[in-house]
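Undergrad: Take a look at the letters that make up each chain.
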Amino acid sequence: MLEDILCGKKSLFETGASSVLRGQENRLRSVIINQGILTTNKRSEDSGVCALVYKNGVKGFASMAEYSEAAAEQVIKTATENANYLRKYAKNDKGVLPSVKPQVINSKRFIVDFEQEKIIELCKEVDAYIVKNCPKTSARAVNYREDTMEKFIYTSDACDGHVAYPRVRIMVVLKMEAKDGSTVEIFDSVNGFGNIDDNFKSLDKTYKTIDEMYKRLCDKAEGVYAEAGEKTVILDPSVAGMIAHEAIGHTVEADLVLGGSVAGPNLGKKIASDIVSIVDYAYTYQDGQAPLPVYVDDEGIPAEDAVLVKNGVLTGFMHNRESALHFGVMPQGNARGYCFSDEPLVRMRNTTVLPGKDKLEDMIASIDDGYYLLNTGNGQADLTGEFMFGITCGYEIKHGKLGRAILDTTVSGIAFDLLKTVDMLSDEVTWHSSGTCGKKQPMAVSMGGPAVKCKINIGGR
Amino acid sequence: MSDMTKIQQAADYLTGLLEEKKDIKAQFEVSEIVTTEVTSENGDFTLLRTLFDKEVGIHVIADHKPGLTKINSFEEPVLKETLEGVIASTASAGADECFDIAPKIEGKEFTRGPLEPDVDKLMTRAVELQETIAKEYPNVLVSMIIIEHVRKDSLYRNTNGTEDIVHEGHYSMFLEFAGNDGTNTSGISFSAMTIENLDTPFIELGRIRKDLAEAEQSVNPVPIEGKFEGQLIFTPECFRALMYTYMEIALSDDVIIDNSSLWRNKIGQKVAVDSFTASIKPWDERIINHEYHTNDGFRSEDYTIIENGILNSFATTLFGANKAKVDRAGNTDLCYVVEPGDTSLDDMIKNVTKGLIVGSISCGEPRTNGELAGVAKNAFYVENGEIKNAVSETMVSFNAIKILENIVSISKEVLANGDWVLPYICVDGVTISGK
Numbered sequence: 001m002l003e004d005i006l007c008g009k010k011s012l013f014e015t016g017a018s019s020v021l022r023g024q025e026n027r028l029r030s031v032i033i034n035q036g037i038l039t040t041n042k043r044s045e046d047s048g049v050c051a052l053v054y055k056n057g058v059k060g061f062a063s064m065a066e067y068s069e070a071a072a073e074q075v076i077k078t079a080t081e082n083a084n085y086l087r088k089y090a091k092n093d094k095g096v097l098p099s100v101k102p103q104v105i106n107s108k109r110f111i112v113d114f115e116q117e118k119i120i121e122l123c124k125e126v127d128a129y130i131v132k133n134c135p136k137t138s139a140r141a142v143n144y145r146e147d148t149m150e151k152f153i154y155t156s157d158a159c160d161g162h163v164a165y166p167r168v169r170i171m172v173v174l175k176m177e178a179k180d181g182s183t184v185e186i187f188d189s190v191n192g193f194g195n196i197d198d199n200f201k202s203l204d205k206t207y208k209t210i211d212e213m214y215k216r217l218c219d220k221a222e223g224v225y226a227e228a229g230e231k232t233v234i235l236d237p238s239v240a241g242m243i244a245h246e247a248i249g250h251t252v253e254a255d256l257v258l259g260g261s262v263a264g265p266n267l268g269k270k271i272a273s274d275i276v277s278i279v280d281y282a283y284t285y286q287d288g289q290a291p292l293p294v295y296v297d298d299e300g301i302p303a304e305d306a307v308l309v310k311n312g313v314l315t316g317f318m319h320n321r322e323s324a325l326h327f328g329v330m331p332q333g334n335a336r337g338y339c340f341s342d343e344p345l346v347r348m349r350n351t352t353v354l355p356g357k358d359k360l361e362d363m364i365a366s367i368d369d370g371y372y373l374l375n376t377g378n379g380q381a382d383l384t385g386e387f388m389f390g391i392t393c394g395y396e397i398k399h400g401k402l403g404r405a406i407l408d409t410t411v412s413g414i415a416f417d418l419l420k421t422v423d424m425l426s427d428e429v430t431w432h433s434s435g436t437c438g439k440k441q442p443m444a445v446s447m448g449g450p451a452v453k454c455k456i457n458i459g460g461r
Numbered sequence: 001m002s003d004m005t006k007i008q009q010a011a012d013y014l015t016g017l018l019e020e021k022k023d024i025k026a027q028f029e030v031s032e033i034v035t036t037e038v039t040s041e042n043g044d045f046t047l048l049r050t051l052f053d054k055e056v057g058i059h060v061i062a063d064h065k066p067g068l069t070k071i072n073s074f075e076e077p078v079l080k081e082t083l084e085g086v087i088a089s090t091a092s093a094g095a096d097e098c099f100d101i102a103p104k105i106e107g108k109e110f111t112r113g114p115l116e117p118d119v120d121k122l123m124t125r126a127v128e129l130q131e132t133i134a135k136e137y138p139n140v141l142v143s144m145i146i147i148e149h150v151r152k153d154s155l156y157r158n159t160n161g162t163e164d165i166v167h168e169g170h171y172s173m174f175l176e177f178a179g180n181d182g183t184n185t186s187g188i189s190f191s192a193m194t195i196e197n198l199d200t201p202f203i204e205l206g207r208i209r210k211d212l213a214e215a216e217q218s219v220n221p222v223p224i225e226g227k228f229e230g231q232l233i234f235t236p237e238c239f240r241a242l243m244y245t246y247m248e249i250a251l252s253d254d255v256i257i258d259n260s261s262l263w264r265n266k267i268g269q270k271v272a273v274d275s276f277t278a279s280i281k282p283w284d285e286r287i288i289n290h291e292y293h294t295n296d297g298f299r300s301e302d303y304t305i306i307e308n309g310i311l312n313s314f315a316t317t318l319f320g321a322n323k324a325k326v327d328r329a330g331n332t333d334l335c336y337v338v339e340p341g342d343t344s345l346d347d348m349i350k351n352v353t354k355g356l357i358v359g360s361i362s363c364g365e366p367r368t369n370g371e372l373a374g375v376a377k378n379a380f381y382v383e384n385g386e387i388k389n390a391v392s393e394t395m396v397s398f399n400a401i402k403i404l405e406n407i408v409s410i411s412k413e414v415l416a417n418g419d420w421v422l423p424y425i426c427v428d429g430v431t432i433s434g435k
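Protein chains in written order, with our numbering: chain A, 1 to 461; chain B, 1 to 435.
I should point out that these hints are in silico values taken from the structure, not numbers from a laboratory.
Check each hint, because a few of them may be wrong.
[To be verified] Cut-off 27 angstroms, straight-line C-alpha distance, at most; resulting in silico cross-link-like pairs (DSSO-like, lysine-lysine):
| hint | chain 1 | residue 1 | chain 2 | residue 2 |
| --- | --- | --- | --- | --- |
| 1 | B | K266 | A | K179 |
| 2 | A | K118 | B | K121 |
| 3 | B | K266 | A | K136 |
| 4 | A | K439 | B | K6 |
| 5 | A | K42 | B | K121 |
| 6 | B | K435 | A | K398 |
| 7 | A | K124 | B | K325 |
| 8 | B | K121 | A | K94 |
| 9 | B | K435 | A | K401 |
| 10 | A | K132 | B | K65 |
| 11 | B | K227 | B | K402 |
| 12 | A | K42 | B | K435 |
| 13 | A | K91 | B | K135 |
| 14 | A | K118 | B | K70 |
| 15 | A | K77 | B | K21 |
| 16 | B | K21 | A | K42 |
| 17 | B | K266 | A | K439 |
| 18 | A | K420 | B | K227 |
| 19 | A | K270 | B | K435 |
| 20 | B | K435 | A | K455 |
| 21 | B | K80 | A | K42 |
| 22 | A | K398 | A | K439 |
| 23 | B | K80 | B | K65 |
| 24 | A | K55 | B | K227 |
| 25 | B | K25 | A | K124 |
| 26 | A | K439 | B | K70 |
[Said to hold, decoys possible] Residues of chain A placed beyond 10 angstroms of chain B at every Cβ, according to the derived structure:
| hint | residue |
| --- | --- |
| 27 | Q103 |
| 28 | I120 |
| 29 | C134 |
| 30 | Y207 |
Everything numeric in this text was worked out from a predicted model, so none of it was measured.
For glycine and all other residues, C-beta sits at the position ideal for the given N, C-alpha and C.
If we strip away everything but chain A, and leave its shape as in the complex, we get:
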């Protein structure tokens, strides 16, 4: 755990500037067992300090790979000099950032570290389960990853805080020879907030996931290409998070709105069917803890839920302090930086489509000819609202029943068009807290959703 050595340096902040001093440590614990061989056995720690100084409409930033009082003094000095230097090139003075009531906000959980041996033994156990229970696999990999961060945040005109984001996941990859001699594969993960003991004291959930994966892989080995074109589909809850994150979330990040995102002119307008609501939660969800709780962001703004879409109407964007000033609203704690040398950017936290009232079985039964899409890999979105995400597991739906498995494909659409086609939502949300969003820097995010019935373009033959 980081020692609090930065508080006393607030006196070095320049009067009239909005300044933030941040100390941070990122830890990575990574083990990969590939074909029974430990091929990756990695531990890393990156710690340091940074300062962000906003003055007359420009920002200066400096970081140093050293967690010390001297480094803190140096980065405040350099960041302030950088802001002063850049001022002469900037056209606009955007004014004073919105202030918030100062308070100290701390996370409820911090990071507990474990020996690498425990992680390796856990992975070996999972690998042994695969060997015993998945006899037809041609290749396998077990991949444990724990990427955690801890931050001290001190500000001149907002909140101070001490926060942590501990999370872990085990990802399993299984491969099998397909009927045409090629190799098909499937991957899935079990993940959660906290540490190895919080999530993997019992491996029952992991084994259940592997059993499901193996069955689906056997089906996929006999799989067919999806038929290309616009289709009615059910997005499984584990896929629907991509709708919240890729299709909508990115388009309503205020920095991208300023960059020309399609969401800009649609604020306050109907962009989805009445049953669709999307929220970026801060630290609670339905009276419990959100999967990746964010209590205060890296600009010292207390985190609040950001309602993005309510009953089909686009209601708001996600902001940092600067974009909130531009749009004349209060920021809600969305500005985060990945490591100590990263400036905070507008990022999602726990983004989900809210559940509806339907049962998954009824949703499948309602489709005469379509697809049930179960697993996804990566996704991307565009300013135009055009998005895509990879599908790594899915089934045909014929006459209300599941049919043959399909091979890997990609689905795409225009976000606002797709959301208008949503006519059923299941009554349960599934969360994934192991997501890493890429936007200049990586960032830990969680996303979720119910099963969603909609129309989407599917790639295939």
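Add chain B to chain A, keeping to what the hints say.
TA: Then chain B, alone, in the frame of chain A:
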């Protein structure tokens, strides 16, 4: 005390600790990196960053068991604790004699590029770029320009006695933009370059002017109707992504070891048309930023993956080569060089009956079977040799492995962006589907 002195001291301390250990093979790199970076957002300069980074990466093999760690402290107690920790972490690993590091090679000191940034000139070039785009490309909205200078000083050593010292500096530029006519916005576009000096205005580098013009032409795209099989012209940037796909699904350690690569038994066999030659060439003079030694300690050498259509080499590391009993690749870099062809880009377009020019394909990561389906981005519809219009909501599907056998032509023109050198490539037999 100079930066190099601190690096040397940390390296000497680690060397001393390793000499006390018995039967440990190890390699480490100690480095300091200073980054100066300016950002312009939506037409105004918003952020100037100065980053002082350091890094110590240590890779040990104890009793044929591997361990890897990375920290960013040169403090001796931290280095000692870290080394002890990574050695201890190998205890639970399974032993495999295939883990190894290179024998001693002749160490060298390399110096390349501008080691100190010229911040004033960098700002002058940045202002010039901003003003030129505003004046000459009025229907382009530049959401972000990032220009940076990076200096890295590093020292690599291993327990077989190799020592490399590298001092390198370079500038890089990243441009994010979209066409915007005040009402409609095109898809987002990117241009990126790595350069050694600031002699040339940024706007004249690579295909930045072409990228900006294409963004302006993409404000009102038209979806493709229906589905057909046609031709695809990959821009150099788009083909770079495909080269990365080959590394991942057909050439890397994992897929060679587990036999899932479709090219696993194809060394010496034809996998592409005769005109296709692809290499990884860190020593090509057009590559600015590259490795000097491999991840396992060999001197990096240029190598050819596919030569005149014949598969020549996998991208295997020492471990992968030992494990799969194949030859080790000449380097562990990703600086792709594909040889130019004999067709001009204009002629390439003229020869397309029905198809697309694609700037990028937004897709799920292809698996080892090579099947790829994705959204055509920054794409234009071509019919009977003429570029008709930008397209939206258009998907393309093909097999990334087999498509190399369907190459129709390779352009004479190549784009060298400092990190790779690639031509335009036209292929046939792609499923193109719209609404």
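Undergrad: Indicate, hint by hint, whether the structure satisfies it.
TA: Consistency of the hints with the structure:
Restraint check for K266 of chain B and K179 of chain A: the C-alpha separation of about 21 angstroms stays at or below 27 angstroms, so the hint holds. Among the hinted pairs, K118 of chain A with K121 of chain B is inconsistent with the structure: their alpha-carbon atoms are about 53 angstroms apart, more than 27 angstroms. As the CA atoms of K266 of chain B and K136 of chain A are separated by approximately 25 angstroms, the hinted pair is consistent with the 27 angstroms bound. Restraint check for K439 of chain A and K6 of chain B: the C-alpha separation of about 34 angstroms exceeds 27 angstroms, so the hint is violated.
Distance restraint check for K42 of chain A and K121 of chain B: the Cα-Cα separation of roughly 41 angstroms exceeds the 27 angstroms cut-off, and the hinted pair is therefore not satisfied. Taking the CA atoms of K435 of chain B and K398 of chain A, the gap is near 22 angstroms; set against the 27 angstroms cutoff, the hint holds. Annotation: proposed proximity of K124 of chain A to K325 of chain B holds, straight-line Cα distance about 25 angstroms (limit 27 angstroms). A distance of roughly 26 angstroms separates the Cα atoms of K121 of chain B and K94 of chain A; the hinted pair therefore holds under the 27 angstroms criterion.
Taking the CA atoms of K435 of chain B and K401 of chain A, the gap is near 26 angstroms; set against the 27 angstroms cutoff, the hint holds. Annotation: proposed proximity of K132 of chain A to K65 of chain B holds, straight-line Cα distance about 25 angstroms (limit 27 angstroms). A C-alpha spacing of about 20 angstroms is found between K227 of chain B and K402 of chain B, which places the hinted pair at or below 27 angstroms, so the restraint holds. Distance hint between K42 of chain A and K435 of chain B is unfulfilled; the C-alpha atoms sit about 46 angstroms from each other, more than 27 angstroms.
With a C-alpha separation of about 16 angstroms, the suggested pair K91 of chain A and K135 of chain B falls inside the 27 angstroms cut-off, and the hint holds. Note on K118 of chain A and K70 of chain B: the hinted pairing holds, with a Cα-Cα distance of about 20 angstroms set against a maximum of 27 angstroms. The suggested pairing of K77 of chain A with K21 of chain B is violated, with an alpha-carbon distance near 43 angstroms, which exceeds 27 angstroms. Restraint check for K21 of chain B and K42 of chain A: satisfied, since their Cα atoms lie roughly 20 angstroms apart, inside the 27 angstroms limit.
Between K266 of chain B and K439 of chain A the CA atoms are separated by roughly 38 angstroms; this puts the pair beyond 27 angstroms, and the hint is violated. For the given pair, K420 of chain A sits about 24 angstroms from K227 of chain B by alpha-carbon distance, which is consistent with the 27 angstroms threshold. Simply put, K270 of chain A and K435 of chain B have alpha-carbon atoms about 23 angstroms apart, close enough for the 27 angstroms limit, and the pair holds. Of the pairs offered as hints, the one joining K435 of chain B and K455 of chain A holds, with about 12 angstroms between alpha carbons and a cut-off of 27 angstroms not exceeded.
About 17 angstroms separates the Cα atoms of K80 of chain B and K42 of chain A, which keeps this hinted pair within 27 angstroms; it holds. Restraint check: the Cα-Cα separation between K398 of chain A and K439 of chain A comes to about 39 angstroms, which exceeds 27 angstroms; the hinted pair is violated. Distance hint between K80 of chain B and K65 of chain B is fulfilled; the C-alpha atoms sit about 20 angstroms from each other, no more than 27 angstroms. The straight-line distance between the Cα atoms of K55 of chain A and K227 of chain B is roughly 54 angstroms, outside the 27 angstroms bound, and the hint therefore fails.
The hinted pair formed by K25 of chain B and K124 of chain A meets the criterion: a straight-line CA distance of about 24 angstroms does not exceed 27 angstroms. Between K439 of chain A and K70 of chain B the alpha-carbon distance is near 24 angstroms, which keeps this suggested pair within the 27 angstroms criterion. Annotated as non-interface, Q103 of chain A keeps its C-beta farther than 10 angstroms from every C-beta of chain B; the closest such distance is 27 angstroms. Taking the minimum C-beta to C-beta distance to chain B, about 4 angstroms, the non-interface status of I120 of chain A is violated against the 10 angstroms cut.
With 10 angstroms as the threshold on Cβ separation, the claim that C134 of chain A sits away from chain B holds: the shortest Cβ distance comes to roughly 14 angstroms. Every CB of chain B lies more than 10 angstroms from the CB of Y207 of chain A, the least distance being 21 angstroms, so the non-interface label holds.
Hint compliance for this structure: hints 2, 4, 5, 12, 15, 17, 22, 24 and 28 are broken, all remaining hints hold.
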